[in-house]
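Peer 1: Sequence:
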Amino acid sequence: MHAVLCGLSRHAPPGYRVSYEVTHHGPTELDTPSFFVEIGSTEEEWTDARAGHAVAQSLLEAEPAETLNLTGIGGTHYARRETGIALQSRAAFGHIVHSRYASSLDREMLAALVTKSAAGAVYVDRKAVSSGELDHIDALAAGLGISRLSETEILQLRHISLSLWNEIRSIAQQICPGSSVSISCAIRGGVPCQIALPADLLAETLRVDPAGFRAALDHLPIAFFSCGGIPVLPEFITTEENPPDILNDLISLCVTTICSGETTAIEGDRLIIRRTGFDPEKARNLGIPPGPLYGELMKGNVVAVNGREITPDMVRISRVTCIRIPGLEKLI
Numbered sequence: 000m001h002a003v004l005c006g007l008s009r010h011a012p013p014g015y016r017v018s019y020e021v022t023h024h025g026p027t028e029l030d031t032p033s034f035f036v037e038i039g040s041t042e043e044e045w046t047d048a049r050a051g052h053a054v055a056q057s058l059l060e061a062e063p064a065e066t067l068n069l070t071g072i073g074g075t076h077y078a079r080r081e082t083g084i085a086l087q088s089r090a091a092f093g094h095i096v097h098s099r100y101a102s103s104l105d106r107e108m109l110a111a112l113v114t115k116s117a118a119g120a121v122y123v124d125r126k127a128v129s130s131g132e133l134d135h136i137d138a139l140a141a142g143l144g145i146s147r148l149s150e151t152e153i154l155q156l157r158h159i160s161l162s163l164w165n166e167i168r169s170i171a172q173q174i175c176p177g178s179s180v181s182i183s184c185a186i187r188g189g190v191p192c193q194i195a196l197p198a199d200l201l202a203e204t205l206r207v208d209p210a211g212f213r214a215a216l217d218h219l220p221i222a223f224f225s226c227g228g229i230p231v232l233p234e235f236i237t238t239e240e241n242p243p244d245i246l247n248d249l250i251s252l253c254v255t256t257i258c259s260g261e262t263t264a265i266e267g268d269r270l271i272i273r274r275t276g277f278d279p280e281k282a283r284n285l286g287i288p289p290g291p292l293y294g295e296l297m298k299g300n301v302v303a304v305n306g307r308e309i310t311p312d313m314v315r316i317s318r319v320t321c322i323r324i325p326g327l328e329k330l331i
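If you're matching positions, the sequence shown starts at 0 in numbering that gives the first Met the number 0 and goes up one per residue.
The hints are simulated quantities; they were obtained by calculation from the structure and are not laboratory data.
Any given hint could be a false lead.
Each computed EDC-like pair below joins lysine to aspartate or glutamate, with the alpha-carbon atoms no more than 20 Å apart [stated by the list, open to error]:
#: 1; residue 1: K115; residue 2: E20
#: 2; residue 1: K298; residue 2: E261
#: 3; residue 1: K126; residue 2: E107
#: 4; residue 1: K281; residue 2: D199
#: 5; residue 1: K329; residue 2: D244
#: 6; residue 1: K115; residue 2: E65
#: 7; residue 1: K126; residue 2: E152
#: 8; residue 1: K115; residue 2: D105
#: 9; residue 1: K298; residue 2: D312
#: 10; residue 1: K329; residue 2: D268
#: 11; residue 1: K281; residue 2: D312
#: 12; residue 1: K281; residue 2: E295
#: 13; residue 1: K126; residue 2: D137
#: 14; residue 1: K329; residue 2: D278
#: 15; residue 1: K298; residue 2: E308
#: 16; residue 1: K298; residue 2: E280
#: 17; residue 1: K298; residue 2: E266
#: 18; residue 1: K126; residue 2: E20
Build out the structure end to end from the sequences listed, making use of the hints.
Peer 2: Have a look at this one:
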């Protein structure tokens, strides 16, 4: 069904929108899983040869693929969110439950939906159900040992199995309960192994260029975590056969990022960072009150206080940070 949906998205004539419908046909006595492909709602669409050709072509081209089978919950007659997710990923929805029935689900019904969809997890359209209904579904899923995946998580499951994702997420919760997981494009299957950056090295990296660092992580075969306002935690997961090599790549990325934005020097296994900046205490000692004059000095402008000129150099302080990284001289 996923292959046909994607085919229809490619072949549908102008003016047509492709969509899953929530489960509503049946029940039947068929043993073979089946689905309908419908064209429009009126005779005008039913007799449109272009639409019929698109359906036929999509059916003929459909081939089984390695999909992420899911049961969907939430949506009206047309399941817009499930459709959007399926067209962007390998998520293949079997049964999809209308929002009006979310509160009526029980353990046996959810188990049957998942089993008959051959689903590995459940997706809930959070905008289509109430918070109480979401809690109800979460409790049912937890009782059955079924994962609930968010849209963000589904879109990250590009080339890894759901079982590997569950392993990585379990490790993340051990590291920092409530943390969110980001999977890079480069990660593949394998045995998850935990590696860690020196916390001070990561902190300095995020201070220099947090956005650039996060973007660069997507090119390494890793999973990383964020929690409590911290964009990247020091702990990472890799599935590569030689985790120390990946850790070295992470260290090199951190050092390169810091050196691109700070005055630095490398002495053996130490990264030396030198910074100069405005010192409010020096300014106060010179009789400068907090306020606009601070801003002028930070811009590099000279100010006058009680007839005396104060230059930026007079209120500047130098700070040196030293980070020890064993083997650093071999990485640069």
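Peer 1: Given the hint that K126 pairs with E107, test it: the Cα-Cα distance must not exceed 20 Å.
Peer 2: violated, 25 Å
Peer 1: Would you check the hint for K126 and D137, treating anything up to 20 Å between C-alpha atoms as holding?
Peer 2: holds, 15 Å
Peer 1: Keeping to a limit of 20 Å between CA atoms, is the pair of K298 and E261 held or broken?
Peer 2: The hint holds at about 18 Å.
Peer 1: Is the hinted pair K281 and D199 satisfied, with a Cα-Cα distance of at most 20 Å?
Peer 2: Not satisfied, since the Cα-Cα distance of roughly 27 Å exceeds 20 Å.
Peer 1: Straight-line Cα separation of K329 and D278 no greater than 20 Å?
Peer 2: Measuring from Cα to Cα gives roughly 37 Å; hence the hint is violated.
Peer 1: Measure nothing beyond the straight line between the CA atoms of K115 and E65; if it is 20 Å or shorter, mark the hint as holding.
Peer 2: holds, 18 Å
Peer 1: Starting from K126, check that the Cα of E152 is at most 20 Å away, please.
Peer 2: Since the Cα atoms of K126 and E152 sit roughly 16 Å apart, the hinted pair holds (cutoff 20 Å).
Peer 1: Is it true that the CA of K329 sits at most 20 Å from the CA of D244?
Peer 2: holds, 12 Å
Peer 1: Take the C-alpha atoms of K115 and E20, compute the straight-line distance between them, and say whether it is at most 20 Å.
Peer 2: holds, 17 Å
Peer 1: Below or equal to 20 Å on CA atoms is what counts here, so check K115 against D105.
Peer 2: holds, 16 Å
Peer 1: For the pair we were handed, K126 and E20, check the Cα-Cα distance against 20 Å.
Peer 2: holds, 17 Å
Peer 1: Just to be careful, I want the Cα atoms of K281 and D312 compared with a cutoff of 20 Å; is the pair within it?
Peer 2: Holds - the C-alpha atoms of D312 and K281 are around 10 Å apart, at most 20 Å.
Against the hints set out earlier in the document, violations occur for numbers 3, 4, 14, 17.
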